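Sequences listed follow chains Z and S, in order. According to this note's numbering, the first sequence is numbered sequentially starting from 3. According to this note's numbering, the second sequence is numbered sequentially starting from 18.
These aren't lab readings, by the way, just hints derived from the structure by calculation. All values reported here derive from a predicted model rather than from experimental measurement. Incorrect hints may appear among the rest.
Covered stretches of chain Z (in silico footprint by chain S; criterion: 3 or more residues with CB under 8 Å from a CB of chain S, positions within the stretch not fixed) [stated by the list, open to error]:
{"id": "1", "stretch": "109 to 116"}
{"id": "2", "stretch": "614 to 622"}
{"id": "3", "stretch": "763 to 771"}
Here are some chain Z residues pointing at chain S (derived, C-beta under 7 Å) [said to hold, decoys possible]:
{"id": "4", "residue": "Glu78"}
{"id": "5", "residue": "Ser179"}
{"id": "6", "residue": "Thr814"}
For every residue, glycine included, the Cβ atom is placed at its ideal position computed from N, Cα and C.
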Amino acid sequence: MRRIREYLHRRLTRSRPAVPEAAADELRVAFKERYHHFKLLLSANKRALERMAAIEGALRGGEAFGMAFVRSTCTEVATAVWRMIQSMAVLAPGKYPELPTRFKAINAQIKAHLESSFRPLAEAALVVSLGTIDRNWRDQAGGKMAGLGEVHKKTGLTVPDGFVITTAAYSRFLNHSGLQDEINRLIQTADREDTAGLLELSARLQQAVLKAPVPRDIESAVALAWRTLESRHGTAMRIALRSSSLFEDDIASAFAGQFQTELNVSRDHLMDAYRTVVASKYSLHALTYRLNRGIRDEDLAVAVGAMVMVDAVAGGVAYTISPVAADDDRVHIDATWGLPKAIVDGTAAYDSFIVARAPQLHVADQAIGHKTSRLVCYLEEGVCRRDATGDQADLPCLSPDQVLEVARMALEIEAYYGCPQDIEWAIAADGKLNLLQSRPLPVPEGAGDATVTPDIPEGTEVLLEGGVTASPGAVGGTVYPAAKRADALRFPADAILVVRQAAPYWATLIGRAAGVVAEQGGVAGHLANVAREFGVPALFSCPDAMARLAAGDEVTLDADRRRVYAGRLPGLIAQRPPRKVNPLANSPVFKLLQALDRLIVPLHLLDPEASEFHPQNCRTLHDITRFLHEKSVQEMFSFGQAHHFPERSSKQLFYKVPMQWWVLNLDDGFVAEVDGKYVHLDNIASEPMIAFWSGFTAIPWAGPPAIDHRGLASVLFQSTANTALTVGRRSRYAEKNYFMISRHYCNLNSRLGYHFAMLEALVSDRTRENYVTFQFKGGAADIERRLKRVHFIGDLLETYAFRVTIQEDHLTARIANEDRGIMVERLKILGYLALHTRQIDMIMKNKARVEALRAKMRADIDGVLLNATQP
Amino acid sequence: MSEFTVLLVDDEEDFRRTLAKRLEKRNLQVLSAAGGEEAMALIRRSAVDVVALDVRMPGMDGIDVLRAIKAHDPLIEVVMLTGHASVEAAVEGMDFGAFDYLMKPVGIDELLYKLQDAYEARRIGLKRNSRGPTPSE
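Put together the whole structure using the sequences plus the hints.
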């Protein structure tokens, strides 16, 4: 220790001006602290830029994202920017008082957007009778129940008696004992990279809801409603519990039964069944659906409808028009023995009736299925599957009169609402037709003429033919048969899903599937609904599909003509492409992120030399980061230059001869402290600088004039500008070419006349923090040649995995998060290009020479440069 | 980066245990506490360099723990972790001297780097206070 101090003392006293040792110690600490804060600022800057890129990526499309992404990403950007502001306050105390003000102003807007979500009425009733509600009760009773109440009141159609546990009750339930908080935490902290992660999240969320206590006041309100209902229907009464949420019946996003429905529930299990229905908001299927459709969790308030159970003799679904074919306005009815749930679940055989409207209502067509089982109510509670007795399996489950009665009911509702409807109905033991639910039916788009002979090469093998079009369109893909639910976890994107039953749980995969083929199920099932909503072609009721389509087969699914062909048939697919749907666009989450993007991502502060480059003009968080990054580099530089402290003043680089490059050591950039004027190359410890330099010197420049040692700017750019003009306007920082370095960091900043080049690199074993940014602008040639050169360099850099953006003649190239070996190679390439792109603007108009040059450079880089050992 | 001592404060035992194991593998000394009071008792008893602190816990709130730590020793660096993204809480935490504010789930490397950077900040702080190099250098 004493020896070191004496050594330092000797060295310090030899330098001019002398710095007392105590003061030198203090300065060293001060430098270290500043460099530390500079590093923190750079790291926060990188984090902010990456999260901004994630926002842009999300808005460009591709992956679905939810509120957890929006909230965490915006919070991460804002946190990083605040971190930068704090670091800057250490580097330049009190110098930019406007920055926190600007930050807080922008942040207040971000917060306002994030918090503008739906809030149910807190003062509203917890339970209301179905008889009292109509469409004006939508906010409290949810879409489904408000719609039923409305139809019952206005048309007199039979709807089962019942009551609704309102959105206000839901809100009480979730805010009671911090359930909503816990749900938010689980969602944010989940690892949701894949389906397995989502599945685990879904299980944890449902558990949280299922074990949460229901507040006393809700329990007693429900008990009272039950007793009232019981007084009208007797003690043997059972009920069905169905979700009725806001959003649910919007035409843009038919939730289409992804919630659990609890059938034949007794008084004893009423509250458990309530929790089960609410918990199904977090079923895997519902979670993925909301994610894909950009629906915010907190916007989805769940009311639950309790209706007296109809022990159905027969039931099903009716569409007042064809859901898949344009210009087909006949009523489509799918029906089966027992409860209609089997139709919605797509798990059983069924009868299909088609009812034409003119000249008078008549059954135009029917297909009777082989219905081997039916779903019925147990005496006590719950439902079960019963085998068909006698010849029941092959008998139509509806008489012709009943078919017409169902059609009339559907059409009456259509007439009342003035748009096509999708209804669920049941015929009770007393023969009475009950309406269970009704929602608007999206009108299929008119496209593709199924009568035109498709362009199919001769000899193309037809693998499968028949079935029903569940969702229109033609598509090519690889077959992925899913025999059991666990197969969903490995479903590859853009494959064609082949399943036995068209069961609702497969809907989880619709967002990623190219098409769907099922052995069972029909157009009225939930899976078909979702497929149509997402524009994914689907063909159902194809017996043997699992046997005929083998895993890995390349096939073309033509759902319109109900065929599957071997191989991909581009001609056919082009003729009837699936309707392109970006289910997220215009969704609440998407619009919210767009609004937040405007406060965060656009960059207005472009030119650091312009007078507009000022904190007051920071309109977005990106502006603030840009400003802070620029100023922090300048602060680091000027602090080093302002202190007459030899250890930390800039040194001239000595490589064979003194070069016109200066080096400022920020921290540990030198192998040993440098006394005097020069620093020799072998005393440089900065890994990124060494890499750059080795690329710069690896291959001598061939063309005239021979390389001189006048510095990077004159090498990079042949300036015709009079550099003398710039003296005095700029600091010394701008006149010379400076490397600011530490062991893992290098900043090369060069401005001369109208030219500008910047290289910044952080390279260490912390792969996740590594980056290289290279920017340059300008040149002496005319704008056309200049642009051509910028694009030439941009193309080259892109082939080496840089992300390149070019605005006018300003090029930015960036690479990040690669390991140090790759980063070192990229720096060598930049060094090479710095030398060898000199003067190439002169040949940029000659195509042949440009190509020859490109080939030579690729050969240099791939051959000599990246195989060369360090100089 | 030399070894240093990290205190993990989080009411989720699973989270604490897994994290402790992974950080120990990377040669850190790891202490852990399930809540604020326990954390303060540990800090008074043993030498802690950096604290990784959950923002929301039952009992003593994360911000209160942060203030208590900073009142006890302003040079102990605190990295806040949260499952509830909130810019306000982040800014508040950092204004009370938190080193940084990370969103759960956090990558182990990301957290490790953050803890190392926080430790470096502490060393610089100690050096500044003693006005010279620490004996370890």
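Earlier hints that do not hold, by number: 2, 5 and 6
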